[in-house]
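Asker: Sequence:
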Amino acid sequence: MTKPQFYRDTWVEVQLQDIYENVQSMRQYLDPSVKIIGVVKANAYGHGDVQVAKTALKAGASILAVAFLDEAISLRKSGIEAPILVLGATHSEDANIAIKYNISVTVYEKKWLEEVVGNITDPLSVHIKYDTGMNRLGLKTIDELRTVLDFVKEVSSIKVEGLYTHFSSADEIDTTYTEFQYENFIEAVEYCRNSTNIPIVHCGNSATGLRFPTRLFNAVRLGIAMYGLSPSEEMKEILPFPLKGAFSLHSRLSHVKKIHAGEKVSYGATYTATEDEWIGTVPIGYADGWSRSLSMREVLVDGRRTPIIGRICMDQLMIRLPQKFEVGTKVTLIGKQDDEYISVDEVASALGTINYEITCMISYRVPRVFMDGENMIEVMNPLLHHFD
Numbered sequence: 001m002t003k004p005q006f007y008r009d010t011w012v013e014v015q016l017q018d019i020y021e022n023v024q025s026m027r028q029y030l031d032p033s034v035k036i037i038g039v040v041k042a043n044a045y046g047h048g049d050v051q052v053a054k055t056a057l058k059a060g061a062s063i064l065a066v067a068f069l070d071e072a073i074s075l076r077k078s079g080i081e082a083p084i085l086v087l088g089a090t091h092s093e094d095a096n097i098a099i100k101y102n103i104s105v106t107v108y109e110k111k112w113l114e115e116v117v118g119n120i121t122d123p124l125s126v127h128i129k130y131d132t133g134m135n136r137l138g139l140k141t142i143d144e145l146r147t148v149l150d151f152v153k154e155v156s157s158i159k160v161e162g163l164y165t166h167f168s169s170a171d172e173i174d175t176t177y178t179e180f181q182y183e184n185f186i187e188a189v190e191y192c193r194n195s196t197n198i199p200i201v202h203c204g205n206s207a208t209g210l211r212f213p214t215r216l217f218n219a220v221r222l223g224i225a226m227y228g229l230s231p232s233e234e235m236k237e238i239l240p241f242p243l244k245g246a247f248s249l250h251s252r253l254s255h256v257k258k259i260h261a262g263e264k265v266s267y268g269a270t271y272t273a274t275e276d277e278w279i280g281t282v283p284i285g286y287a288d289g290w291s292r293s294l295s296m297r298e299v300l301v302d303g304r305r306t307p308i309i310g311r312i313c314m315d316q317l318m319i320r321l322p323q324k325f326e327v328g329t330k331v332t333l334i335g336k337q338d339d340e341y342i343s344v345d346e347v348a349s350a351l352g353t354i355n356y357e358i359t360c361m362i363s364y365r366v367p368r369v370f371m372d373g374e375n376m377i378e379v380m381n382p383l384l385h386h387f388d
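Numbering follows the UniProt record's numbering, in which position 235 of the sequence shown is assigned residue number 235; successive positions increment by one, without gaps.
The hints are simulated quantities; they were obtained by calculation from the structure and are not laboratory data.
Taking lysine-lysine pairs in the BS3-like style, the calculated list, with each CA pair at most 30 angstroms apart, reads:
1) Lys58 / Lys236
2) Lys41 / Lys110
3) Lys324 / Lys257
4) Lys336 / Lys258
5) Lys100 / Lys153
6) Lys41 / Lys140
7) Lys41 / Lys336
Full structure from sequences and hints, please.
Answerer: Laid out in structure tokens, this is it:
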């Protein structure tokens, strides 16, 4: 691999071909009439929003979704022309910015709509969020939905493109609450069908799309599965097709030394060598998203599991090596070396959290290297972006 354009020995590799194949697998799994909305919020779950967005669109997605307006504008300024939906709240006074960049936003209350109509001069495209039980954003009742639709009929500046909801528990084996939410959404969809024409209707995230492909109406929001990760541990056994994890995290030994029995390592002197040991320093720490709580967990060196010792520092950590290794030896924190593998899910389990959080928490300080197999395609390094 050609040396990437960054100057530290820590990086993420993102296999774009794996993302492409995950989208393609979902495309082939679903009815052709169902649109795929590629969810690329949070910098594409930590993978790199622009590169993932382009890959998803090539693979069969036709719409993109983000969390807030800044994320959508960033995609537009990077040359993405596909439809983009903002799933979160947008300030009513920023509606003209959404119009300027041809971005669709979410309606979740009538008051917001009234404020928007007073601010805009050109039509604004919206998706109506109906809250079926997540209790986050959205209209709660048919009466609220009726009020919003009646209001929209009286103005020409609001274009309703979509209606959607979000299931809170579609990734759990027990489907009781999902069934409850689905029935609530059916009621809203039926009301809309009798009163107006809304082109795009979507209730499904990755879990819903994988488990209930016939209940998606005409669009699905493909998030975590696009990145090759299961929506939950429970779903791993019932996935309809294999998912290919696209994310790996690597570093290199920056320093190697031998310490003697009784010597201590890192802040607080919490680790004491019981014999002479080879210690390697790795330039990654909690400021990069590698939590202090991962102290005493393992990384891979030379295809072998190697423990982190002592407390993880802001920018560095130390590992106990089985033997002396040269400075520059590759260290894998997530990914594969030879026959050993540390998965995103393993790290999530160690931290008592979910795989979504692990890829999202690897910070902007860590460059993303976009790969096609062994070939490097592109590097995203936000720290040097403004100097390009």
